[in-house]
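Trainee: Sequence:
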Amino acid sequence: MANTEVGDNFVHPRYWLSWIGIGCLFLLSRLPLPLLAGLGSTIGWLAYGLGIRRRVARRNISRCFPELSAKQHEALVRAHYRGFGQALFDAGIAWWGSPARLRRLVGVRGREHYDTALAAGRNVILLAPHFLGLELGGMRVSQERPIVTVFRHPKSRLISALMYRARQRHGAVLIEHNKPLTTLIRQVKAGKPLYYLPDQDAGRRNSVFAPFFGIPTATFAVLGRLAALADAVVIPCWTRQLPWGKGYEVVFEAPLTDFPSGDPQQDTMRMNAAVEHTVRQAPSQYFWLHKRFKTRPEGEPKFY
6 MANTEVGDNF VHPRYWLSWI GIGCLFLLSR LPLPLLAGLG STIGWLAYGL
56 GIRRRVARRN ISRCFPELSA KQHEALVRAH YRGFGQALFD AGIAWWGSPA
106 RLRRLVGVRG REHYDTALAA GRNVILLAPH FLGLELGGMR VSQERPIVTV
156 FRHPKSRLIS ALMYRARQRH GAVLIEHNKP LTTLIRQVKA GKPLYYLPDQ
206 DAGRRNSVFA PFFGIPTATF AVLGRLAALA DAVVIPCWTR QLPWGKGYEV
256 VFEAPLTDFP SGDPQQDTMR MNAAVEHTVR QAPSQYFWLH KRFKTRPEGE
306 PKFY
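Letter by letter, the sequence shown follows residues 6 to 309 of the numbering used here.
One or more of the hints may lead you astray.
Said to hold, decoys possible - With a Cα cut of at most 27 angstroms, we get these calculated DSS-like pairs of lysine-lysine:
(1) K194 x K184
(2) K76 x K299
(3) K307 x K76
(4) K160 x K299
(5) K299 x K184
(6) K296 x K76
(7) K296 x K160
(8) K184 x K160
(9) K296 x K184
(10) K296 x K307
Said to hold, decoys possible - Label pairs and their calculated CB-CB ranges:
(11) G26 x P216: 35 to 43 angstroms
(12) R106 x R83: 23 to 31 angstroms
(13) R170 x K299: 27 to 35 angstroms
(14) R63 x E305: 14 to 22 angstroms
(15) T188 x R150: 18 to 26 angstroms
Since the hints were made in silico from the structure, they are not lab data. Even for Gly, the Cβ is constructed at its ideal location relative to N, Cα and C.
Can you make the complete structure from the sequences, with help from the hints?
Mentor: Dropping the structure here:
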């Protein structure tokens, strides 16, 4: 486990507060999901009331859904915070829940798209946007067959080590984000589907501006190249949080057709359109607390 094990003394006092948080999350993960949903929603309401990233969420939602009224915007913001609070608590189930519990709590819809590609011997890239249920969804997918995904280390080395180990427990292969593309491509060509997270602010380096909800958005122009080099079909895959603690649902959409095109700009636009399509199906559950539109084209004012 690179950069997370060797030389770390996790009993050092600087980690004690993190250990308390981890212990609480572990104990909470043993509770029934409806109870976690209630507790998590309360934490979400508290975060909303304290204004934690509330301005960011409001800005994102109001710009992405201009057709909605101010009242509807605020309803989406509040629903997002409730779902976010639950997702924080539910992460413990992803990390420590038994395989049987994960299968029971996380259903699958549209799996024929995934199964058909695998049965045909196709290499697969799962286009997995940042929905609130991403952690549980990724864990559920990795139960079915080993997958490969990109890992970015959190600032806390203890949390990094915990997440790294938890995400591998069903056989997933984690590749450091700064590794060459060839590392990923070899894994995909070996038959491991790539669980690809496409939608964080990419900055100016190695990105293009492509529309996302009609807003020019700095986006990594990598998916088309990955699909071409790995000879892979791209299948949108997102995770819905069901109401009232009823569980989660991994949703496989139809594969992207005529993709890649060979034009990085066109392929990136196509990818963003696919992500937008999934977001519109559950708009409160996209990760609106992220500053997705932070990097602006030259001459544009700041977004936040």
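Trainee: If a hint holds in the structure, say so; if it does not, say that too.
Mentor: Comparing the hints with the structure gives:
1. K194 x K184: Given that 27 angstroms is the threshold and the Cα spacing comes to 17 angstroms, the pair holds.
2. K76 x K299: Holds, because 25 angstroms separates the two Cα atoms, which is no more than 27 angstroms.
3. K307 x K76: holds, 25 angstroms
4. K160 x K299: holds, 21 angstroms
5. K299 x K184: This hinted pair holds, its Cα atoms lying about 25 angstroms apart.
6. K296 x K76: Holds, at roughly 22 angstroms.
7. K296 x K160: holds, 18 angstroms
8. K184 x K160: Holds, because 19 angstroms separates the two Cα atoms, which is no more than 27 angstroms.
9. K296 x K184: holds, 25 angstroms
10. K296 x K307: holds, 11 angstroms
11. G26 x P216: 35 to 43 angstroms: This hint holds: roughly 39 angstroms between Cβ atoms.
12. R106 x R83: 23 to 31 angstroms: For R83 against R106, whose Cβ atoms are near 29 angstroms apart, the range 23 to 31 angstroms holds.
13. R170 x K299: 27 to 35 angstroms: holds, 31 angstroms
14. R63 x E305: 14 to 22 angstroms: At 19 angstroms between Cβs, range holds.
15. T188 x R150: 18 to 26 angstroms: With Cβ atoms ~19 angstroms apart, the hint holds.
Hint violations for this structure: none, all hints satisfied.
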